[in-house]
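A.B. asks: Hints in hand, dock the two standalone chains.
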Amino acid sequence: MQHWKARVEISLKPGHVDPEGETTCQSLRDLTYPVKSVAVSKIYTITLEAEAQADAESQIKEICQRLLANPTKDDFTYQVAEAK
Amino acid sequence: MNRDEIRVCILRVAGTNCDRETKTALQDVGMTAEVVHFKQLSTKENLMEYDMLVVPGGFSHGDYVRAGAIWGKKLMATMGKDIRRFMDEGRPILGICNGFQVLIEAGLLPQSQGVSRFPEAALASNSPSGYNCRWVYLRLETANTSIFTKRILKRTLRIPVAHAEGRFLFEGKKADRQLEELINNRQLVFRYCHEDGEYADGKYPINPNGSLYDIAGICSPCGTVFGLMPHPERAYFGWQSPNWTMETGKEPAPYGDGGLLFESAAEYLEKKF
Chain L
1 MQHWKARVEI SLKPGHVDPE GETTCQSLRD LTYPVKSVAV SKIYTITLEA EAQADAESQI
61 KEICQRLLAN PTKDDFTYQV AEAK
Chain X
1 MNRDEIRVCI LRVAGTNCDR ETKTALQDVG MTAEVVHFKQ LSTKENLMEY DMLVVPGGFS
61 HGDYVRAGAI WGKKLMATMG KDIRRFMDEG RPILGICNGF QVLIEAGLLP QSQGVSRFPE
121 AALASNSPSG YNCRWVYLRL ETANTSIFTK RILKRTLRIP VAHAEGRFLF EGKKADRQLE
181 ELINNRQLVF RYCHEDGEYA DGKYPINPNG SLYDIAGICS PCGTVFGLMP HPERAYFGWQ
241 SPNWTMETGK EPAPYGDGGL LFESAAEYLE KKF
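Chain order of the listed sequences is L and X. Quick note on numbering: the working numbering labels position 83 of the first sequence as 83, and the sequence is numbered without any gaps. Quick note on numbering: the working numbering labels position 153 of the second sequence as 153, and the sequence is numbered without any gaps.
Isolated chain X (complex conformation) (with noise of 0.2 Å):
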């Protein structure tokens, strides 16, 4: 398949952010990017038209219940034959911020025994609490399971975050068997860290919200879905740096951190279909 072939599904609802600017990254890395708005794909266009599914972020259905859970139910309900068909070719899904926190109420992630009926992790209130707006940066776990990241040869990415609600975390008693399965299946994408890599251990800034092991990006067994906390395509372009001129002195860089995962998928879907 060609790259320009390549059709890219942004859902939104009400609530939704960032779709336009993921769009724009998706078609610079040569991909056709449409927003389509969720009513529009349950009832009039079909989801396997699509390559690729993109849940953006945002504050979908005012984050009302608990946020991510009634558009991550209702994608279920109303989609979710077509959702499971989708993975089961091997068609990406990504999920970014809010659209972590869908794929996470939906079942879809972590998937240890397949899709689940009732979420199996939680992305709960930041610890310390509040909106936490800021650069981050991520160490890649493994590159090999997800197809988001088979491009990126470096060990960190810098990337900004911006959410309430990205506490990764597994449930009490069954939280250490739940992450020793997470990292054995090479299913923990990214962490967070410090510039130099080393792991944030818990310490806020660094882990801007008191994930669990410093989790801000998981994949499902196979790969093919991905969720992370992190806006990639808020680091798509060099200008998006905060302190570009610092870091260049005359001229932003061409590209950010962000880019390497819209590209990873490119390159898939290039190669699979």
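Here chain L stands alone, though its shape is the one from the complex (with noise of 0.2 Å):
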């Protein structure tokens, strides 16, 4: 069995209220920075075991149907590769 690395992104859809991306945006904005938005992200650094890479991406992206994100309200992207 191979030890593979996902990492995974999890961000709300377009639209969505983002509290933490609001007041981030604001504060560099008082910091005079000319910030237009900012939309905050969630990453997921996983180490799984798994047969081959199409057995890992299956299970990470049930993973994320499952768990890490809500299909109503979060999009979510992913990469694997093997674990060094």
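It should be emphasised that the hints constitute simulated quantities derived from the structure, not laboratory data. Yeah, the Cβ is synthetic: ideal placement off N, Cα and C, and Gly gets one too. Hints are all accurate, no fakes.
These stretches of chain X come out as covered by chain L in the derived footprint (C-beta under 8 Å, 3 or more residues): (1) 65 to 76; (2) 108 to 121; (3) 163 to 175.
C.D. replies: Structure follows, in structure tokens:
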């Protein structure tokens, strides 16, 4: 069984309220940076065991759908590579 | 079944709150209520020994990942069979605030096609953003589906909310169809409204979180699973109202509006079992 490392990014679908992004944006403007908008995403780095890359990818997809993202409001992307 | 024989399980994990207030309210209604830790129930005790399950408010598991997500998945992964049997036998499940988030994340609400593997809706960050703790008015849309509302004989209730993620949403493209289904199935129980019962129409602070269609509480098609963002246990006694001195002048009214939900459940259980 091989070890795989996945980088998962969970972001809000366009149009959803992002309080952390809004607050950070305002704070950056207060510091006089010409910031237009800030969107906050969550990154999970997951190490897992799987026979092959395709198997690891399918497990990561299911992990996103079952727990890490809510399909009503979240988008997710992931990259899987062999763990060194 | 006599009322004092009704056993209610108030489930808790790290981060749960208002479990004691809920217990006090349920006991005052005449039922026997116990606060049980999730670990205790999933290992030593049996859910089927209880007649009703309450998932209370709070910040279960620190609201990590997403409010209610971790507990919701854990609940179904470790006790899914028991939960399904519990529901099939008509035993009620109530989710209050974080408990509502848990039921949504567990796929136990709205159950448009039965229990879902992935959440069918979301309780997203409030709009306008931020934690909102205030008393709101709820308009009862349908008293006959949920077993928690059958004793409510008035149009509006006054109960407080306290949350940062209570914005009920369906998914963009499917939202209209899902909402229509919810209404047609008579699963839409409470909507945020003005004191006179006029809908909030999305306007803050009457609608405190920007919920789609002013949705504050929904139930399963059969009415035994019910979730709402407001806290009925914080509006149980009359003295919990922040302005009872202005309302009555001398003494607080004995009870607030929240007790009607617990009373309704007690009557249902007395008759059913």
